[in-house]
Amino acid sequence: MKKFILLMVLMLVCGVANATDYCADANIRACWTMSTEGGSGTTLNDDSSKNKDGTFSSSGHPSWYAMSEMPAYASWAVDFTSASSDKITWGSFIDGVTQSLSVTSWINPDSYDGTIIGSASFASGQGFQFYVNASGYVSFRLIRNGAYYQQATTQSAIGYDWVHIAGAWTQADTPIMYVNGISVSKTSASGGGSSPNVLDQTTNAMGVDGSSGTNYFDGKITEASVFQDAITSTEVSDIYDHGLKGTGNRVSIASLPSVLSDSVWSHTTFN
Amino acid sequence: MKTLFIGLMLLIATPVFASVSGTVIGTQQDENGNIIVKTAYYMDGVNVPSRYPVENGVYYWVSRYSFQNFDGMTPLQIEARIKQDVDAFAQSLIAKKYTTEANASLDLKALVGKTFTSQTAEIQLSPTKALTVNTAGVSVQKVLTPTVEAIAK
Numbered sequence: 652m653k654k655f656i657l658l659m660v661l662m663l664v665c666g667v668a669n670a671t672d673y674c675a676d677a678n679i680r681a682c683w684t685m686s687t688e689g690g691s692g693t694t695l696n697d698d699s700s701k702n703k704d705g706t707f708s709s710s711g712h713p714s715w716y717a718m719s720e721m722p723a724y725a726s727w728a729v730d731f732t733s734a735s736s737d738k739i740t741w742g743s744f745i746d747g748v749t750q751s752l753s754v755t756s757w758i759n760p761d762s763y764d765g766t767i768i769g770s771a772s773f774a775s776g777q778g779f780q781f782y783v784n785a786s787g788y789v790s791f792r793l794i795r796n797g798a799y800y801q802q803a804t805t806q807s808a809i810g811y812d813w814v815h816i817a818g819a820w821t822q823a824d825t826p827i828m829y830v831n832g833i834s835v836s837k838t839s840a841s842g843g844g845s846s847p848n849v850l851d852q853t854t855n856a857m858g859v860d861g862s863s864g865t866n867y868f869d870g871k872i873t874e875a876s877v878f879q880d881a882i883t884s885t886e887v888s889d890i891y892d893h894g895l896k897g898t899g900n901r902v903s904i905a906s907l908p909s910v911l912s913d914s915v916w917s918h919t920t921f922n
Numbered sequence: 028m029k030t031l032f033i034g035l036m037l038l039i040a041t042p043v044f045a046s047v048s049g050t051v052i053g054t055q056q057d058e059n060g061n062i063i064v065k066t067a068y069y070m071d072g073v074n075v076p077s078r079y080p081v082e083n084g085v086y087y088w089v090s091r092y093s094f095q096n097f098d099g100m101t102p103l104q105i106e107a108r109i110k111q112d113v114d115a116f117a118q119s120l121i122a123k124k125y126t127t128e129a130n131a132s133l134d135l136k137a138l139v140g141k142t143f144t145s146q147t148a149e150i151q152l153s154p155t156k157a158l159t160v161n162t163a164g165v166s167v168q169k170v171l172t173p174t175v176e177a178i179a180k
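Chains as they are written, first to last, in our numbering: chain A, 652 to 922; chain B, 28 to 180.
Simulated from the structure, these hints should not be mistaken for lab results. Because the structure is a prediction, the values reported are computed rather than measured. Beta carbons: idealized from backbone N, C-alpha and C, even for Gly. You may find that some hints are simply not true.
Said to hold, decoys possible - Straight-line distance between alpha carbons at most 25 Å, and here's what the computed PhoX-like set of lysine-lysine pairs gives:
no.	chain 1	residue 1	chain 2	residue 2
1	B	Lys136	B	Lys124
2	A	Lys701	B	Lys124
3	B	Lys123	B	Lys110
4	B	Lys124	B	Lys141
5	B	Lys141	B	Lys156
6	B	Lys123	B	Lys136
7	B	Lys123	A	Lys701
8	A	Lys701	A	Lys896
9	B	Lys124	A	Lys896
10	B	Lys123	A	Lys896
11	A	Lys701	B	Lys110
12	B	Lys136	A	Lys701
Unchecked claim - Computed footprint of chain A on chain B, listed as stretches where at least three residues anywhere in the stretch have a Cβ under 8 Å from a Cβ of chain A:
no.	stretch
13	55-63
14	69-83
15	93-100
Kindly produce the complete structure, drawing on both the sequences and the hints.
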């Protein structure tokens, strides 16, 4: 009887969701943690089960960069120079129509106006582009039937240091954009807000706009991902703090001062 | 023994009220000075594990804010804004649990042993040109109608 009860308790406890490996998330479409590559290799491994391994233009284009600074959990980054030879490409992408879409990445730009991840189908005019615009704001663009809808952050330019950025686009809303885990203000939607409708793209790239073959990124990219759903602010913070695989620890939150611990929201329960 | 039995009954009873709730257990600032709201989530009454350090025996998750997020808001409006994010993550937890269970229940055994064959592949050369190729080295040029590159920056 005791054994049976213990077994039941264990089963119930195990039924609860475990801490998250986002590369194994049901909605992940690509997860490039850059934890094992480096050297002169020309393959960017996809750490999800979606097999979106990227191929460099050639050896050294872009180049691997050994991480010795933020974020602590990333081993390597890819370093783009804005030269047309510096890009990483891969095959088909999203599994058909999607009503929501998220992109996350750590970047360290050397200059502005470049695409982090771009994906498009020339034939059907569908796709998306996640990029840093000429003013240093993060911009998320959807391309639907040859028309585009986009929003850019407005709070402050991202600067020339490591920054974690994310964009989550839901069906009903315009995208929520995050910088270092915080949702930031945005411009009005150009072309009107619209939900994603990304279909069978054939031109997918990191470091260049997949739709035009221009708009090259200048700087480093690591820990990049694409989800076929809109991730939440809590998930963005988790990725920011622990990395896509959930194995890192960027900063010890326990060591930070609890200066706000008596604020109005403490011990509020939401059901 | 009686305690164990009561504990078991409680654990069995909680799924009857299947839900995810979030309790804010504290707030602080991160290393960039941004506001961190720490929320413990409970799925069917059981604390959801996270990668953050356990605090007072409780796992918590984090969402971040800055004062700009709450500009012009009353305390009640701020609470509603936080609740929105707690709801979103709670729904994500529910959806993930359902998806995992639905995937596990699919019977795909009939697929084993089936062979699928592709004859050709398309390689995009430019916005207007692609090649349809096969493994024998044969390629056929295909003209594409560009619709995207006209998009203004």
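Comparing the hints with the structure gives:
1. B/Lys136 to B/Lys124: Satisfied, since the Cα-Cα distance of roughly 23 Å is no more than 25 Å.
2. A/Lys701 to B/Lys124: holds, 20 Å
3. B/Lys123 to B/Lys110: holds, 20 Å
4. B/Lys124 to B/Lys141: violated, 30 Å
5. B/Lys141 to B/Lys156: Roughly 34 Å between the alpha carbons, so the hint for lysine 141 of chain B and lysine 156 of chain B is violated.
6. B/Lys123 to B/Lys136: Distance of about 23 Å is within 25 Å: holds.
7. B/Lys123 to A/Lys701: holds, 18 Å
8. A/Lys701 to A/Lys896: holds, 15 Å
9. B/Lys124 to A/Lys896: OK: lysine 124 of chain B and lysine 896 of chain A at ~19 Å, within 25 Å.
10. B/Lys123 to A/Lys896: holds, 17 Å
11. A/Lys701 to B/Lys110: Given pair lysine 701 of chain A, lysine 110 of chain B is violated - Cα atoms ~34 Å apart, limit 25 Å.
12. B/Lys136 to A/Lys701: holds, 21 Å
13. 55-63: Coverage by chain A holds here, the residue count being 8 at a Cβ distance below 8 Å.
14. 69-83: holds (count 11)
15. 93-100: Coverage by chain A holds for the stretch 93-100 of chain B (3 residues, Cβ < 8 Å).
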